[in-house]
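These are the residues of each chain, in order.
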Amino acid sequence: MTIQRLLIRWVSFTLLCVLFTQTAFSQTHTITGKVTDDKGAPVPGATVTLRGTNAGVSTSADGSFTITGPANATTLIVSSVGFTNQELSIAGQSTINVTLQPTESNLNEVVVVGYGTARKKDLTGSVSAVSAKDFNKGIVAAPDQLLTGKVAGLEVTVGSGMPGAATTVKIRGNNSIRGGTTPLYVIDGIPLDGRAPRPVLYQNATTTGASGLGNLPDADPLIYINPQDIASIDVLKDASASAIYGSRGANGVILVTTKKGTPGQTKLEGSITVADQGLMKQPDILNASQYRSELAVYGQHSDSNQSLNPFKELIQHKLSTNYNLALSGGSETGKFRISLLASDQQGIVKHSSLEKYIANANGQYRFWDKRISLDFSLTASNYTEYLAPVSTDAGSTGNLISDAMNWNPTLRLINSDGTYNQANPSKQVNPLALLAYYTDINNVTATLGNVALGFKITPDLEYKLLYGINYGVGNRDNQLLGLIGQTGGNADGKGQAFVASAKLFSQTLDHTLNYNHQFSEAFSLNAVAGYEYWTTSWRNQSEYVYGFDYNVPGGPTLNIPYYNNMQDGNQGNLRTTTIVDPSVELQSYFARAVLNFYDKYLITGTFRGDGSSRFGSNNRYAYFPSVAAAWNVSNESFMKNNTVFDNLKLRLGWGETGSQDGIPAGASKNLTWYTGYGGNVAVINFANPNLKWEKVTAEDVGIDFSILKSRVYGSIDGFYKKTTHVLFFAPAIQPSSNPNGGQWTNLPDAAYITNKGLEASIGVAIIDKDNLHWNVNVNFEYVRNKFIYPAIGGSPLYLTGSITGQGVSSAFSEAIANNQPVDVFYLRKFTGFDQNGIAKVQSQASSYQGDPNPHVILGLNTDLSYKQWSININTHGAFGNKIYNNTATSVTNLGNIANGKNIAASLIGTQEGLANPVSASTRFLESGNYLKLGNATINYNIGKIAKVVKNANAFITGSNLFEITKYHGFDAEVNTDHNNNGVPSLGVDYIGYPSVRTFLVGINFTL
Amino acid sequence: MKLNKTIVISSLLVTAVAGCTKLDEKLNDSFVLTAGSGGSTAAGILTHTYNDLGPVFTNQDQVFSLEENTTDECLVPTRGGDWDDNGVWRVLHAHAWDATHGQSSTVFNNLGALESDATTVLALNPTPAQTAQAIFLRSLAQFYFLDLYGQVPYRTVANYNSIGVAPVMTPDQAIDTLVTNLTNVIPQLSSTYSPYIASADAARFLLMKVLLNKQAFLNRSSPAAQDANDMKTVHALGAAIMASGNYHLTTNYFDNFGPNNGGFGVAGTGNPSTELILAYPNNGTASYNGVSNVDIDARWMMTLHYNSWDKPGVVGSAGWNGFSTIADVYNAFDPTDTRRGNVPYPAPNGAGVSPISGLNVGMAEGQQKDENGNNIMDRKGNLLVFAPTVALVETDVKTLEGDGIRVLKYYPDYNNYTGTASNNLVLFRYADVLLMMAEADLSGAGTGDALTLVNQLHTARGAAPLATITLVNKSNLYDGTTILEERQKELYWESWRRQDLIRLQVFLLPWALKTTDNPKYLLFPIPAAQLVANPNLKQNPGY
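Top line first, the protein sequences correspond to chains A and B. So that you can map any letter, position 432 of the first sequence is 432 in my numbering, and since no number is skipped, the others follow by simple counting. Position in the second sequence (from 1) plus 1007 gives the number in my numbering.
Simulated from the structure, these hints should not be mistaken for laboratory data. Glycine residues also receive a C-beta, built at the ideal position from the N, C-alpha and C atoms. Honestly, I wouldn't trust all of these hints.
Stated by the list, open to error - To spell it out: a stretch of chain B is covered by chain A in this simulated footprint if at least three of its residues, at any positions, have a beta carbon under 8 Å from a beta carbon of chain A; those stretches are:
| no. | region |
| --- | --- |
| 1 | 1080–1087 |
| 2 | 1090–1103 |
| 3 | 1106–1117 |
| 4 | 1167–1173 |
| 5 | 1210–1224 |
| 6 | 1393–1404 |
What the hints assert, rightly or not - Result set (SDA-like, lysine to any residue): computed pairs, CA atoms no more than 20 Å apart in a straight line:
| no. | chain 1 | residue 1 | chain 2 | residue 2 |
| --- | --- | --- | --- | --- |
| 7 | B | K1033 | A | S302 |
| 8 | B | K1545 | A | G794 |
| 9 | A | K829 | A | Y782 |
| 10 | B | K1405 | A | E912 |
| 11 | B | K1405 | A | S302 |
| 12 | A | K318 | A | I956 |
| 13 | B | K1033 | A | E585 |
Said to hold, decoys possible - Anything over 10 Å on all C-beta distances counts as not near chain B; from chain A, calculated:
| no. | residue |
| --- | --- |
| 14 | T321 |
| 15 | K427 |
| 16 | S524 |
| 17 | S613 |
All chains, full assembly: derive it from the sequences and hints.
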């Protein structure tokens, strides 16, 4: 069945349900009233329903409501997040004022914990829940960005300012020296594959001459989730919480729960936002007059008598828009929500944008006295990335950004006849020509669907079947017209094009049994047991050709993109590549029991057995246990009379989790490629039948508290994590038929990684008056990480953090080394300049020079509200880490001025000489400390508008408003991928897409 | 209890519904090699093995770099924006590299692939001719392991496809193995002129190298005196090569490396070489008898200046302005010695320079000219003068692009070159046979023909005949009456210099731009990853 037909079915089904809920009432009873909190302040947006009926309304800005239901209705139910539900008899009444009691520090709040839910007060593990009202505001391309600075122990780094740029997400440090440090994302119970169906433009190995613009960075794989569909995100940080995800839980788990309909009147919610943008920071380069005076200083003669700002020519100021509509409603036995998003996010660089359309329909239906439940959700999305040529690994040809930074600001970009000035003396790529002649369009259609059928065997025992799919296809078109020059590749004068497609398909099937029973005052049990099957597959196909006969110098100009006319390329130059990843299967059994004694002593035990096709045949199944205990001290009788603590809980947990996602599919087998022509086979990967998951053993000790009548509340956790069976791609033992081949192995037990740290999340209600509220929330994490492997001595096990650019081929900046942090900087130590202006180094040998992993991660958030006004400010920062500024090393280095190129403005007045070699050293290692005003919002609650709009808000949000840092690049919140053979790097910055400051105005409303 | 029953029944139900999956991993675009060859044949893998010779011996950053940049005659100075590459080039010339040197690691792995593929041929029911060629190719890999690392990992034929820990030969075991294997295959290999496959003469040549370097391989810092019987064998092997009549000295020295050195070039681009004993067959198209063209253009791009010549529209014809030689090497030449070059090739045009490009062949020194005889400028607008003086780190912005004499042995055919050159890579050359015989004479063979052999070369190359000849002058490496200096003049930049310096015990002496040394540099380090994986390997002392 095609997706469209499926979609139509779902939509028509849900519409049908909507219609059924709209039953008319013959005899009616109308009640008006006002909902206030315990201090008398109005509670807007509270849900008011009549038991046993479909009637339901929300309170307006002043807390008032009017509800009409059948005459026989007896009970009014009022609920609102943060308050205990109130039930009131309405017999004979027409006016009722309701006072809601706040829930005690949100302790009765229910959090999602994986294959079930738990009351927050029953938790024994470290779980942070963030609900929609606390999410980051502004332009948010993917859900992970909602959490920046919001959760202690969660580090979210946006890679660049590119629309939809990928983020680096780490929970409690760096667990692995290989890939796969990203947490597992689970959306409404469906675990995601970390990959996206975004086609890769593979170049066949023999196509060495493809114009060297490098590879464009990946987009965020969660881009197809509508952030405005998300109700809450739960971050499972310790093993006690994440062990239920077994072999995929080692990096922590992020559970995303989407919004559902609420019982009551059908609601139509909408929002419209418009955003304008600018550069967060100007590039560190000379302007034309500075360039002229530096030419004089260095005795160079490349003044071409113009004055221009090539960088500015790349920048656009287009408005980004976002429209969101959501229709929801239903009764207690049937709820639905349908949402639509249309968004157009413009990049700060011309010709780059992200256009998204996302629809979601979900429903929750209950039958047979609510014993049978049917829940479903379908997300269908289509997005298009228009990509500018800003790659992460461009060599001497550069990318769009470096070409503009390097362009001589006194040299024409456009000749007097309107053509691009390409035959320039310094043989540079003209950035405007590159922008004009390059096209890269990536279109992805992704669907995420799930259906769950539940049956309550007894009131305490429920069986649930969950089936989910994640299917996506992508198409990518790419061309570089033959009118381009100076790239030094096939495109120059000839033109080149790629077409590529990708497909991702994963399926999940879960059977679970949930058992919940209060045996006595003294003891209750909450248990879950289940089975899960998960499979995934991914393929990519790419075609490349060069040598076109139009849109080339001297050829005709035709308005046909090369990628739509591949047959016109010289067919002798056609290269095709298909990559079909081995398909993966995972089969698991799991169980969890939470034992609660007197509401004081809690014990949680979980166990998961995972069978994975990625493990070696001798280790096909792996087992992951965890136990944790908590003591609700405040429930003890001796605490009855204490006036300080409203809540005090101590937690202690231990568990083991695995990281099978770090193991590439096929790693346990002799993976062999048949290379054709000549009958050669090449073993690319040698079998290791003993291959196991990388194991993280984690210990957590925590305290949850609230004091001073819950005015101050928070959690403090100490953690220690140890990764053993460290996964490593060992180069093949020589002699071996493939010099680049190797074998996936687990390093011996003497090798391990530790992450230890302390994290705290503290909230303070500083002012809590009728009309005036001021809350401050601080999230803090201190974490130190180390790789231990005494057998390798002082020499690195592996180098990574490749340095890119002219003059620094095959140079690396980072290492995996014994007794050092993962990815420690490994560089020559710069000690100043000699009398010739040549950089001096302490020794020609590299040594360990600093940590790219932040030691402190900080989030500072505050809300201030006065009557209808509120201000919300979110800041975040990272401290203690270093950044390697690869842009300064090889793009804006001083020697360039002698070659007619521009240089960094920060070089003015240094003692560096023109002949100083371009070389990697600690000279370019900068402090990565930063504190950033991530976003600030001013919101005005308009409330009711006429009779039509029930509630309206107008707001303005500024994002990336300022950054306090000494770092010279565009942004200290940066991570350009500079892996070496799959060993990830961290904290290397190389001519990335510049960071963007945005101002967004918007309105949202409820009809 | 009813409840318990319900739970048990439901659990069973769930398990039944869930069932069990076999967890098969479908590989889709690859397959699992369980046993046997996966469809490979001895012939296919033998061709593959010949292909292995290409990159490891051609590329500027593999065997060539390790054998040449560690000697006096070659260096890659850092020139402002170019060629720092984290110091990898400079540490080689200055003898200051460490265990993380990437080139050392790459070469180790690529030699391993060559050895493994040759061993694979032996496991796939080869014909006797294929067997003999495979044993030669395996010996070649083992010879370079021995030369560069002093340890020779290997696989038995039965374990050809093993990925487990590999046994490692010590130098004496390796020498015994090499001598036995090469001696055995000589009668089985082709005795006709066939430079692109392993021939009897190629095996003789390699055996000469093994025996000449034997004492140095056994004890690098203080080798024992050469064994007279070994030297007699070396001399006899050389005499057999001479007697084959397949080779004679090429009239124009540079025809040995020119675009037509293998006879694949276009008329007018020089004559074929008559000295090729083993060569890699770049023929100007994608492949020759299944052996793929390699990027030999690196051999001129690595040394030429950016403005030297840049054929429009041809990827990679521009120079990279890197590799140079030192003044001592250039100045040691007798001006009449044609091997120094710095002359037009193959013949001057009307403007008195090389046609097409204006580039001089050999050691390019002085003002560079274009094809019309006009001066070429550097990128900063200075005259482009290749000056003999050079520093490891060039500091004067006016001369940093020009300093250092450039060496252009492999001459580009810019007229017909479209990114695929037709210069064969020379691995074993006849002139070296004469020099090895002369050295064997002086080292104990006592045949008394050393001077005759050397003067045979001098006559062919236009240099004045010598009156005396000795092995080496330790107080002057450039003494023209020594075998060492004669080998440099004949074989510069052909990847033999490091072996010669070590064998004649002068590798640790100071020379231009290398002031200090340490015996550890007589060997390269074993790559860290190999040490971790294979406990039979031991890190070489000092690393």
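A quick look at each hint next to the structure:
Requiring three or more residues with a Cβ within less than 8 Å of a Cβ of chain A, the coverage given for the region 1080–1087 of chain B holds, as 3 such residues are present. Beta-carbon proximity to chain A at under 8 Å applies to 10 residues in the region 1090–1103 of chain B; the threshold of 3 is reached and the given coverage holds. Residues of the region 1106–1117 of chain B lying with their CB closer than 8 Å to a CB of chain A number 7, which satisfies the three-residue condition for coverage. Only residues whose C-beta sits within less than 8 Å of a C-beta in chain A count toward coverage, and the region 1167–1173 of chain B has 5 of them, enough to reach three; the restraint holds.
Requiring three or more residues with a Cβ within less than 8 Å of a Cβ of chain A, the coverage given for the region 1210–1224 of chain B is violated, as only 0 such residues are present. For the region 1393–1404 of chain B, the assignment as covered by chain A holds, since 5 residues bring a beta-carbon within under 8 Å of that chain's beta-carbons and 3 suffice. Simply put, K1033/B and S302/A have alpha-carbon atoms about 60 Å apart, too far for the 20 Å limit, and the pair is violated. The hinted pair formed by K1545/B and G794/A meets the criterion: a straight-line CA distance of about 16 Å does not exceed 20 Å.
Proximity of K829/A to Y782/A is assessed by CA-CA distance (about 27 Å); at most 20 Å being required, the pair is judged violated. A hinted pair counts as satisfied when its Cα atoms are at most 20 Å apart, and K1405/B with E912/A qualifies at roughly 16 Å. With a CA separation close to 15 Å, the supplied pair K1405/B and S302/A stays within the 20 Å bound. Taking the CA atoms of K318/A and I956/A, the gap is about 18 Å. The hint holds against a cut of 20 Å.
Taken as a hint, the K1033/B and E585/A pair is honoured in the structure, with Cα atoms around 9 Å apart against an allowance of 20 Å. With a cut of 10 Å on Cβ distances, T321/A stays outside the contact zone with chain B, its closest approach being about 41 Å. Not every CB of chain B lies more than 10 Å from the CB of K427/A, the least distance being 8 Å, so the non-interface label is violated. With a closest Cβ-Cβ approach of about 14 Å to chain B, S524/A is found to remain outside the 10 Å limit, as its non-interface label requires.
At roughly 4 Å from the closest C-beta of chain B, the C-beta of S613/A falls inside 10 Å, breaking its exclusion from the interface.
Hint check: violations occur at hints 5, 7, 9, 15 and 17; the rest are consistent with the structure.
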